[in-house]
Amino acid sequence: MIVECRIDDLLSLIGKKLTLKQLEDTLFLVKAEVEKVDGNIIEIEVNPDRQDMLSAEGIARAVRSFLCIETGLKKYPVKKSGRQVIVKPGLSKIRPFICCSILRGVPSDDELIKEYMHLQDALTSTHGRNRNKASIGLYVYNDLNFPVFYGLQKPEKIRFVPLGHEVEMDGPTIMTEHEKGIEFGSIIQRHKRWPLLFDSNNQVLSLPPIINSNSLGRITTETKNIFVEVTGTHLPTVHQALNIITASLAERGGKIESVTVVYPNGTIDETPNFNPEVMKIPINDINSLIGLNMTEKQIVQALERMGYGAKLTQTDQVQVMIPKFRMDILHPVDIIEDVAIGYGFDRLEPRMPQTMTTGKLNHVTRIKNKVRDLMVGMGYQEIMNYIMSSPELLNDKMLRKRPLVTTGNPKSRNYSVLRNSLLPVVLEFASQNQHTDYPQKIYEVGDVAIPDDTQETCVDQVTSVCGLVTDVKVNITNLMTEIGFLLRNLGLDERFTFESEDSSDFIEGRSACIKIDGEVCGSFGEISPMILSNFGIGYPVIAFELIMHRITEWFT
Amino acid sequence: MSDKLTEGEREVLRELLNLSQRVQTSQLASNLKQGEERVISILNSLASRNLVKIHAREIVSYSLTDEGIEYADIGLPEIRLFNAVKSLGGKASFDDAVGKAGLDAETKGIAMNWARKNEWLQISKEEGTTVLQCLVELDQWDVSDLLEDLSTGKGTLSEKYAESLKQALERKLVYEIVTKKFEAEIVQAEIREIEQLIEVGVKGIGNLTPELLASDAWRNVSFRPYNVDIKPAYGNYGKKHPYAEFNDWLREIMVGLGFTEWYGPYVETEFWAHDTLFVPQDHVAREVQDQFRISDPYDHGHILDKKYYREVKAVHENGGNTGSKGWDWPYSKEVATRLCLRPHTTPVSMRYLYEHRESPQKMFIIDRNFRSETLSATHAQEFDQCEGIIMDKGLALRDLLGYLTSICKGVGIEKLKFKPGQFPFTEPSVETFGKHKEIGWIELGGSGIFRPEVTQPLGIRDPVLAWGIGAGRLYMASMGINDIRDLFSRDLNWLRRSYFVR
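Line by line, the protein sequences give chains C and R. Here this note's numbering is used: the first residue of the first sequence is 498, the next is one more, and so on. Here this note's numbering is used: the first residue of the second sequence is 939, the next is one more, and so on.
Treat the hints with care, as some may be off.
What the hints assert, rightly or not - Computed from the model, here is a short list of chain C residues facing chain R with C-beta under 7 Å: (1) Glu-879; (2) Thr-933; (3) Cys-955.
As the list claims (entries may be wrong) - 30 Å max Cα-Cα, derived BS3-like pairs, lysine-lysine: (4) Lys-1119/R / Lys-1098/R; (5) Lys-590/C / Lys-689/C; (6) Lys-513/C / Lys-572/C; (7) Lys-1263/R / Lys-777/C; (8) Lys-533/C / Lys-1118/R; (9) Lys-938/C / Lys-1169/R; (10) Lys-970/C / Lys-1118/R.
Since the hints were derived computationally from the structure, they do not count as laboratory data. Source: prediction; values computed, not measured. Idealized CB from N, CA, C, for every residue including glycine.
Start from the sequences and build out the full structure, keeping to the hints where you can.
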């Protein structure tokens, strides 16, 4: 994720003069990377696990504690506002959860408002899974009449002016005409009634997760007090999103007040809740995973540098207080990584382990290499092609109708299926090189994919070799000698036979199948002029293809 | 150089005198029933003695690139955009026109750029939306005709295409093929000298025969000299692909470090591709814009090991017994069995661990992966990854850095930087940057220690270090290749001249 910041703003949030180089080096060590600097604008790439760093405030908070300007668990005081949000029945299968907060005295200018919107977008697209799991709305607090209601409404009865518009629309119109309705409508459209947020005067706040109302949901430079609301389908995600955006606004100077959410079954949730989660980790687990011998004090320091609260307990464990805006901590290993980052990746010395194993190539690779050596010995140039190809090439041009492993979302028709044979691909290569010196002898060794329902992945993937010769005049006897040379050097002299067989690939009477132990493993012949003309090839061609999977099995 | 002429040189001179005019080397070669390359090398030697003159003529022809072939087939993006606007009544919003023309994110930029440059479309803002309006009647467009001509096999082009050819070359829709033709003639001023040289002849024997050897007669004869101090002609013999040789070399390094090579299928169930790696089932990497899904003839595969499936499911839903919170989200068998083209080689590591659960283990694979990308100079829908795992008791993050250092040294990169990274299946995670001697700092790949959520469902308690390096990227750096499409070059000339040496 790219976060765009103003350098002067970022440095003032950090509260320390840093050169660009110092800033870049520090960010590198806390998992972020400077992508581009243009005047006062800096683009910073943040790893997707650090949703709390998707804003200038979040990045500054991480840098401040990493540079020991302000370490340890950041405290966000929360005052009870006494305001209520009442959840109406019926939402449990649609979008059951809501969390809210109020921020008083938030500074806002045009730049800041733009940044708040960016953070909101970034959070809902990644953390909120494109608004499916969570979506965020910001409102002008002073214009609302509490309690606010979160309920359901029939689409045609929903009427309000959506953000950025001047005309009132009803629900179905928003879905077909409003850009956000078109983009996100599918999240709620299948339901008979849609979630709606409205206040005690029946003014609509928003149609979550689609769009805010223009009158209440438009933050301007005049707005001082903001009401934040997150709705969604996964309660932890909804809480985390609220915590991240609330903390960011608080970093800008807003004073946090909590809101009481009342669910239909009487459950009460006072949000936001910044009480840290606690995890206990044995000192020994930390040192053994990183490979260090850190003292308890060093571990506590490293954790505080990463914004955790940390203290020792008597049982060789460290007790860690996890900030509520960190959503990536699932397991103690996630904290141990932060100990390593807090210690400093630049200070970690690589250590060469003593693990003793003997290495070897896979037997398929060895057989492939053997075949490649033999082909080279017979004067063939190796070529390599993509595994993906097109049905036109593999089937139409070849006059074949063989099943193909097909992708459902190709970017182009030319690369939409997996090759099921090498011969068409090698012919295509030859067709592209008709201006090149003759004779041409080329080969490829590689895998092909054939649909097969009996396999775990419904595909039989086998290794194949294809050799092709083209010149003004070609000689099939030479080709047969070469295939014989190949098979004999694979130890198959007694086991292979050629049996004449007509196929649409080749000129009638000039082709045969290759059998090993009586089983068909390939074919060879002179390519039929019909196929040559399909490929636009102007010279005669002889070729063979041999599926190697049986061969490789014989050598294991 | 000897004053005497070789038999070959005299033959060529004699023929040139016979013909007494400037002649194509191919003609000369066929008259003499010799290979053209040999005749040219003889002529070169004669030219260096100022007995003949060689004239080189370059013949230029053109061929379509992959992008060019695509456009010849479906039409240039700007034409498609223009036609879309036209069919929408000569004026339409940008989004409508793009939709109608069926352009994707990349081609719509190209289309706008050229439609504007060519002054076909007027672009304006109306009520916040971008609106396009046709400025011209466009029946015919030279660049399209040019692509059409080339796609039907015309290598040489008429004069009227001069401008559009320039554009097509710039846009890399078309590339140039230069073939050299040679002509030779006698240097007239030297004609007497030449005649004398031919007359004088060279004494001695051409071929040493078994009879000469058997009879001992070779003791009393002299051998005619051959011209051996020339640069030999180019020969087209069998050899391997330089990229394949590069990968062979990587394999050798990995085996040398004690790694065992493994393999796995291109088509995977999402169970192996993602679930076993603790990638949440709603992760963006699984979306259709990121990875290829298989739709036909089968779109879902099978779960073979029900017990392992249940372990993985539990880890996703609530962490199972790994001490993790899990994803706290319903786990779907439909998603687990969905078929995709593997987007990384890591499922192969999982398949290896599935069969090898006792320490110590070291495994590697170098093979193809797939991502839903449109082929361009910087992105390809296929790429090779070199990936490995190390499992042993007591391994730690510092050991991972140690392995990365020795692997990178193996491929010639001495200076490294480590950055904390993030992958769903490793924790801690590391990104490695290496200083390449030609192109500076490059990102080499990702690595980390497999999460307990990944290893414990297999009953593995020892740490598993995992790393991956972009093999193609490393090869491009070492060969000075800038265009990713050249990894799988379809130019036989290039392949015949290219080599990989270490």
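Hints and how they fare:
no.: 1; hint: Glu-879; result: holds, 4 Å
no.: 2; hint: Thr-933; result: holds, 5 Å
no.: 3; hint: Cys-955; result: holds, 4 Å
no.: 4; hint: Lys-1119/R / Lys-1098/R; result: holds, 25 Å
no.: 5; hint: Lys-590/C / Lys-689/C; result: holds, 12 Å
no.: 6; hint: Lys-513/C / Lys-572/C; result: holds, 20 Å
no.: 7; hint: Lys-1263/R / Lys-777/C; result: holds, 14 Å
no.: 8; hint: Lys-533/C / Lys-1118/R; result: violated, 46 Å
no.: 9; hint: Lys-938/C / Lys-1169/R; result: holds, 25 Å
no.: 10; hint: Lys-970/C / Lys-1118/R; result: holds, 24 Å
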